[in-house]
Amino acid sequence: MSPRLVPAGSDPAGRRDRPLTITVDGDPYTGVAGQTLAGVLLAAGRTSWRQAPSGAPRGVFCGIGVCFDCLVTVNDERDVRACRRRARDGDAVTTQSRATGERDGQRP
Amino acid sequence: MTGEPVTGRRHVVVVGAGPAGLAAADAALAAGAQVTLIDTAERPGGQYHRMLPEAYGATDPGVLQHGYRSFDRRVRRVLGHPRCSWWAESSVWALERRDAPDTADVAHVPGSAGDGPPLVHVLSGTPRRRHVLEPDALVLAAGAHDRVLPFPGWDLPGVYTAGAAQALAKGERVAVGDRVAVAGTGPFLLPVATSLLEAGSRVLEVLEAGRPGALAGGWLRRPWELGSQLGKSGELLSYAAELGRHRVPYRLGRAVVEARGDGRVEEIVTARVRADWSVVPGSERVVAVDAVCVGHGFTPRLELPVAAGCALRPLSAESPAGSPSEVFVEVDGDQRTSRPGVYAAGEITGIAGAPASRAEGAVAGWIAAGGAPESRALATLRANRDRGRAFAARLAAAHPIGRNWPGWLRPDTVICRCEETTYAAVCRSAVDPTRTEPGVAKLATRAGLGPCQARICGPTVAELRRGGDTGAGPHHRPVAEPIRLGELARPPEPPPGSSEPSAHPDSPVEESTS
Ligand SMILES: Cc1cc2nc3c(=O)[nH]c(=O)nc-3n(C[C@H](O)[C@H](O)[C@H](O)COP(=O)(O)OP(=O)(O)OC[C@H]3O[C@@H](n4cnc5c(N)ncnc54)[C@H](O)[C@@H]3O)c2cc1C
Ligand code: FES
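Residue numbers (UniProt numbering), protein chains in the order written: chain A, 1 to 108; chain B, 1 to 514.
In isolation and in its complexed conformation, chain A is listed as follows (with noise of 0.2 Å):
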């Protein structure tokens, strides 16, 4: 149904997860220390967090920071790539739309 984490318990790698909890537009989420932004909100079961110029949904697609798909804004700073920052607790997220007008991604 949806993308989900490998349980700790039968992960061969062997892991000790520390919860941390984030939140996106206020809801809390909970992820382990060491996921991505992007890895907390797939764990979640949440596909999709941004929206493209036609209101269309956005979430991750390139998985290592080419596409600009899963940007978000972390604690007021804008335009960052969700794949590739590490989730600190209590990180206030807000999703991005570039259908009301918002232009992210631009840079100089």
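Derived by calculation from the structure, the hints in this document are not laboratory data.
Certain hints may be false.
To give a feel for the contact side, a few chain A residues facing chain B, derived at Cβ under 7 Å [as the list claims (entries may be wrong)]:
| id | residue |
| --- | --- |
| 1 | L5 |
| 2 | V6 |
| 3 | R15 |
| 4 | P19 |
| 5 | Y29 |
| 6 | Q35 |
| 7 | L42 |
| 8 | A44 |
| 9 | S48 |
| 10 | P53 |
| 11 | P57 |
| 12 | I64 |
| 13 | F68 |
Heads up, the beta-carbon is just placed ideally off N, CA and C, and yes, glycines get one too.
Using the hints, position chain B with the ligands against chain A.
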């Protein structure tokens, strides 16, 4: 400000700590150089040796990787070396040529001021700080990213690149879905499917668009060469065995031609394709999925080599099936590019897998450091490298992209994911005489002007415009990594460990581990 090593040794800057860059750093250290190894990632390894985050506290990280032990030994040797500075979470955002770019090709005087490699502009640490390095030699090893050909619905959430699925499974232990299809072309689909299975996904099928004929021609011709492929084919066989054990069908000559769903992918349409990848009518099948992972080979990350002024070569020289938009950095037998003091290694010079990248990196690092060209070790490395190149040519021949894939597209299919430029708009710009100039077309269609700066759609748009924008065009990106105005406005800081006074004496590694 310059990062000149106080010791007077040759200073080699290596960009990228994947298999190629790590090997380059290792060899350059062995040849006596001072090395600065830079990577955007938190940990070395690149795409192949993707390491779990330190915070996961994994007791047995090696189980998820082929060749983990020798990789781990190399990482310890390189990162622990007294002459190596490891800059984690650091991005090279620009290369600045020291000569005037427009005069360089006309009259190049060896030994002149413009004779050295470019200045290396780096953003490092959290918050990011700006540094400028002035190396004696520069090794570029930036790797590649997945190429995905568009199809209707490919912009729905739940459609991932094959590499994304791999990165999430291996690097974060996140499985992208429960019912997953893996599709595209190339041997890379096999490790991706295997990682998904390992992470607990149900892999419904692996679809290889290539036809049995092309695969047999590429893979089975002169099979003894494959035996010597540095263990690569053995690794592939182990993936194939794993798929067999899970009874995952591997279907040849089939492709995903559409993804559908309300707000996310719910089903895909697959179809039989001919050798030119045109769809066989009536062969369509609808499959319910919650994720689909697609890869049609790789696009090299060429922005840095292009910024340095390195000459490129088309892939089609080796493979008549290659598209005009497939270009790589041109290197000689010593991994030298056309620019003095600039070397290239790994997948930016050709797609051949990790072992070939390692061999290239080692040659590049050794020569860049001024190591003796007649060294016996180098002969072995060169031989490995040459086998890797032969393997790359094989790969390209066995998995060509069929010319008629645009048959999958509809007029309203999105080509540029950022700007949502449609296939119809790209076609219009290709025939409109006032818009055939690539730059003009870009402005008219907005394709390639969004946040990703044409990284994803560039080669595809070039191809759809039938070669109107080939060569370096789709890869010309003076700013390789986004930089904010505030960061640009601050003066660069001296690199850690330099003799000049610094307001921030911490190394970027220490700054970034919180
Ligand atoms: C997402 C993904 C997953 C893959 N997984 C596998 C796999 O499981 N098995 C397999 O056989 N092959 C895999 N591949 C293929 C892989 O690319 C090669 O096998 C191999 O990793 C190539 O080595 P490399 O050193 O040339 O490049 P890479 O391994 O890609 O390393 C390049 C490094 O350069 C860094 N870099 C790039 N630009 C900059 C910059 N401007 N500043 C600083 N650092 C920079 C990157 O962060 C990266 O770490 C994968 C490819 C991708 C794209
Ligand atoms: S998913 Fe492509 S940049 Fe994050």
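**OP:** Give me the numbers of the hints this structure contradicts, sorted from smallest to largest.
**Re:** 4, 5, 8
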